[in-house]
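J.: Residue numbers (the working numbering), protein chains in the order written: chain G, 1 to 143; chain E, 1 to 500; chain U, 1 to 317.
Hints should not be assumed to be uniformly reliable.
[Unchecked claim] Distance condition first, Cα-Cα at most 25 Å in a straight line; then the derived SDA-like pairs of lysine to any residue:
{"no.": "1", "chain 1": "U", "residue 1": "Lys-103", "chain 2": "G", "residue 2": "Ala-28"}
{"no.": "2", "chain 1": "E", "residue 1": "Lys-345", "chain 2": "U", "residue 2": "Lys-103"}
{"no.": "3", "chain 1": "E", "residue 1": "Lys-345", "chain 2": "E", "residue 2": "Leu-106"}
{"no.": "4", "chain 1": "E", "residue 1": "Lys-345", "chain 2": "U", "residue 2": "Gly-40"}
[To be verified] Listed below are several chain G residues computed to face chain E (Cβ distance under 7 Å; list not exhaustive):
{"no.": "5", "residue": "Ala-28"}
{"no.": "6", "residue": "Gly-44"}
{"no.": "7", "residue": "Val-74"}
{"no.": "8", "residue": "Gly-84"}
{"no.": "9", "residue": "Ser-92"}
{"no.": "10", "residue": "Val-93"}
{"no.": "11", "residue": "Ser-99"}
{"no.": "12", "residue": "Gly-104"}
{"no.": "13", "residue": "Ala-121"}
{"no.": "14", "residue": "Tyr-128"}
{"no.": "15", "residue": "Leu-129"}
[Claimed, not checked] Some, not all, of what chain U presents toward chain E, calculated at C-beta under 8 Å:
{"no.": "16", "residue": "Pro-182"}
{"no.": "17", "residue": "Lys-290"}
{"no.": "18", "residue": "Gly-293"}
Source of the hints: derived by calculation from the structure; they are not laboratory data.
All C-beta atoms, glycine included, are put in the ideal place defined by N, C-alpha and C.
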Amino acid sequence: MVLLALFLVGGGLYAATFGQNYSSVDTAQSPVFFPRIVLTLWMGLALIALVQAIRTQSDAAPVASWLRLGLLLVAAVIYTNLIGREGFFLPSVAFAAISLPIFGIRNPVAVGLYAITVPGALVLFFNYLLSMPLPVSRFTHLF
Amino acid sequence: MLSSLPDAIAILLTVEGLLVLVMGTVLGIVLGAMPGIGSTVAVAMVLPFTLTMGQAPAILLLLAVYAGSVYGGSIAAILINTPGTPQSAATCLDGYPMAQRGEAGLALGWATIASVAGGLVSAVVLIFAAPQLAAFALEFGPIETFALILLGMTCIVSVSTGSVIKGLLAGMIGIFLSTVGGDPIIGEMRFTFGQWQLFAGFNLLAVVIGVFALSEVLMRASVTLSQTSELIDFKGIVLPKFAMWKGRLKNLGKSVLIGNLIGVLPGTGAATAAFISYAEGRRSSPNGSHYGTGEPDGIVSSEAANNAVTGGALVPTMALGIPGDAITAVMLATLTLHGITPGPKLVEDNPTLIAAIFTGFFVINLLLLPLGLILSRVAAPILRVREAYMMTAIVLLCAVGVYFVRGNPFDLLVMGAAGVIGFILRRQGFPMAPLVIGMVLGPTLEITLRQGLILTDGSFAAFFVGHPIALVLGMIAVVALLFPLIRHQLAARQSRESKV
Amino acid sequence: MTVKAFSGIVASAIIATSAGAEEGFPERPINLIAPFNAGGGTDLLLRGFAPHFAEAIGGDAFVSNMAGGSGTVAASALQGQRPDGYQLGYFSITVSTIQPQIKNVPYDVDSWTPICSVAASPTLLFTNADTPYMTAADVVEAANANPGELVYGSSGPGAMTHLTTVAAFAGLGIMDKLKHLPFQGSGPAVKELTSGTIQFFGDTEILMSRGDFRPLMVFNSERLETYPDVPTATEAGIAAPLNELYLWGGLFAPAGLEPAVTAKLEAACETAVASEGFQEFAANSGTVIKFRGAEEFDAFFRQQYEANGALIEAAGL
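The shape of chain G in the complex, shown without the other chains (with noise of 0.2 Å):
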């Protein structure tokens, strides 16, 4: 599955490269040049391990919990996606929040003091201790 997902990429960046104008006429400095050289091997390379997967029929090792995992990489991704817009400080504490329950922490204090503290500390440490700030949320200037 993921080894043809990443043939079918391959083939599709390779394709995208037909797809733009770029005014060099020579072949070694055309912008593609180099690039199609890659993927040409990414394409090959790909082939082989995909047909090694299907003689050789090894799975990956199991996942205790598809709920936990599932739950963590959805947030791991909001979260990666959220600083730009709102900050550092809330949305960190939101996955802090969401991230300990996942790995076993079921204590609603130490939750709170956590995701509330070490966001808190690093927020304080760049933004007021260092002049280095982290991204601030829209609501006010100070985190």
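Add chains E and U to chain G, keeping to what the hints say.
T.: Leaving out everything else, chains E and U in the frame of chain G:
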């Protein structure tokens, strides 16, 4: 320069001088040891303070933080498999398996010994042979650099734990990622699909931290929660006993040499050195066949080389005024601010300052050993926190570290995506070190190839005619690529014959 | 309460707050954005400037970095921000006038409220001291005798170093007789100039003084005090608009900044540039100071945007 040594030592022995050396090194080790935070961010953090300092302390502070963070990077790499920089990626390959076996202290002991040895030798080389080595660096034009990078690429085979095909494929993905953005020769945009955020390409550190650190957190969320409260069995650094050094000194020496020579060449860097040294160690060390399974020699290869680069990179910086990497470029700019013009006459015009910088660099590397031992004792209890606290802190620190590399929130998105994709690929048995090699070496490989083709009017054959260094490096690259295959074939034949 | 009356109240409230904002400006720290990495030339200049600027405006100012894409990433990001005067970018000639004309970035000449210019250094064309080229005429002769033999370098396509060499060789009419070799940054290019892989490079005086190099011409209106024997580009036979080229930089806010805020920032910039501390800093770091007020800088910026079109065309970008 040697005649100004007494004056130079007098500068170092002031309260400010000593304070800067010790504090800078401690700060560098601590910052480097934090997952997600590497040399670039550490140097950016202390930069504002250097503006108000004198010439020598300013440069020494930068150097101390730099050398300390390169060493500190090995700590996170070994203990939690989360290198904060590409140059520590090779350290993970053997360091983390050792830590998993319960030998974390010993693994860090080897890393410490190798780092200190690499740093000290490079400092001595810097003091005595900088002009000669600078002349050597000038021999390396685009074509020679291309051959060297080609040799570096063959390391992908050596660091591919598991499947070589998957390693090569990961390498190609890495090279491809590095081509996104502006074309280095023409300047036109590639694979940006009209998104201005992509004009600057994918940031190397954002991808490295994503595929190593963030995906490691996801990996740990995919297995059953560990019931033991201690995440890492680590009580402090254990220095290897002398008896264990037997048979490893040659590898250490070779790794230091590789790091030094590659460090001298501008535009190659610590990651290249670490990987080439690792591949060479795997080929020539008597313990080579154990590489990747927690072999101390693997740690030595990587750490001795990447710390030797710090001294090597100072050679062109100080002898020619040409920065060896991004960090030495910052040092040159700082010198300029203090009214000093870097260039071929730098040493001649400022003998005391340069002598102070060079001896200070030696002292910094000397300090790594005791400070590393003390800090590891202090840090050991902190590292014994529960997995949940550690993993969450890693994600937050990675976000901070990636953000400060370029100050661009888009890089955080890249880190998130790289983390998820890295996680999926790792579950499929893809090694991630080749991806990093591809991304580190890809841009230099492309630009030197095309520069070479401009110089030779489009003839690739002319690369090796009249460029003896390139020819030799090219041949080594071919041998390095074929060697594992030949060895594999021979082993297969022998096993077949023994069956008959 | 009628809708009209309500909207009247809202409108007056908005006016009141914005008027208050002008009066009390700055209420919070001002962010000076360096579009390059911490520790680079632009970043350090801005870090030297920031404390004097903060003092002059009676508030706080800090430098932040947003690197990538030859400075276009920071400019693209700033362009979309609210013009409140709290975020200012320090953009050079390339970021503000060259890059938007060669890349499909979301900003152009009308995206900004120029505040003030801070520095402007003329560029020079130079060669390694051991090459036989003493004057521009020597270069023209050699290039015509052996086309394709001589190589000039740059720190990247579209960079200031590239434009300087293009201005020189296009101005001399020998563009197609030389090869262009771009590098990733000035460091590797200067190394190849030292070792002889490339013969020519163009940059400001401070960078040229780092090596054993011989200047051939200076893209200034008059000869430099430090190099009285080096001819100007005009004297070397290069016609306008390619005869003058300055690496200038200044503060920009997004378009639509309140004139009152612009005036405050402009005044603070003037005081900061004239301050003893910054003058000393500039002398140490080899920065050539050139202050222009908001109106003058706006006109200069627009004139440069137009004029650099010729350079871009000559460079084939």
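J.: Each of the hints needs a verdict: does it hold here or not?
T.: Each hint, compared with the structure:
1. U:Lys-103 - G:Ala-28: holds (22 Å)
2. E:Lys-345 - U:Lys-103: It is violated: about 40 Å lies between the C-alpha atoms, which goes past 25 Å.
3. E:Lys-345 - E:Leu-106: Violated. Lys-345 (chain E) to Leu-106 (chain E) sits at ~45 Å, over the 25 Å cutoff.
4. E:Lys-345 - U:Gly-40: holds (22 Å)
5. Ala-28: Given a least distance of 5 Å, the restraint on Ala-28 (chain G) holds.
6. Gly-44: violated (9 Å)
7. Val-74: Interface hint status for Val-74 (chain G): violated (10 Å vs cutoff 7 Å).
8. Gly-84: holds (3 Å)
9. Ser-92: Nearest chain E Cβ about 6 Å off; hint holds.
10. Val-93: violated (10 Å)
11. Ser-99: holds (4 Å)
12. Gly-104: holds (5 Å)
13. Ala-121: violated (10 Å)
14. Tyr-128: This interface hint is violated because 14 Å lies over the 7 Å limit.
15. Leu-129: Violated - the Cβ of Leu-129 (chain G) stays beyond 7 Å from chain E, reaching only about 10 Å at its closest.
16. Pro-182: holds (5 Å)
17. Lys-290: Since chain E brings no Cβ nearer than about 19 Å to Lys-290 (chain U), farther than 8 Å, the hint is violated.
18. Gly-293: violated (27 Å)
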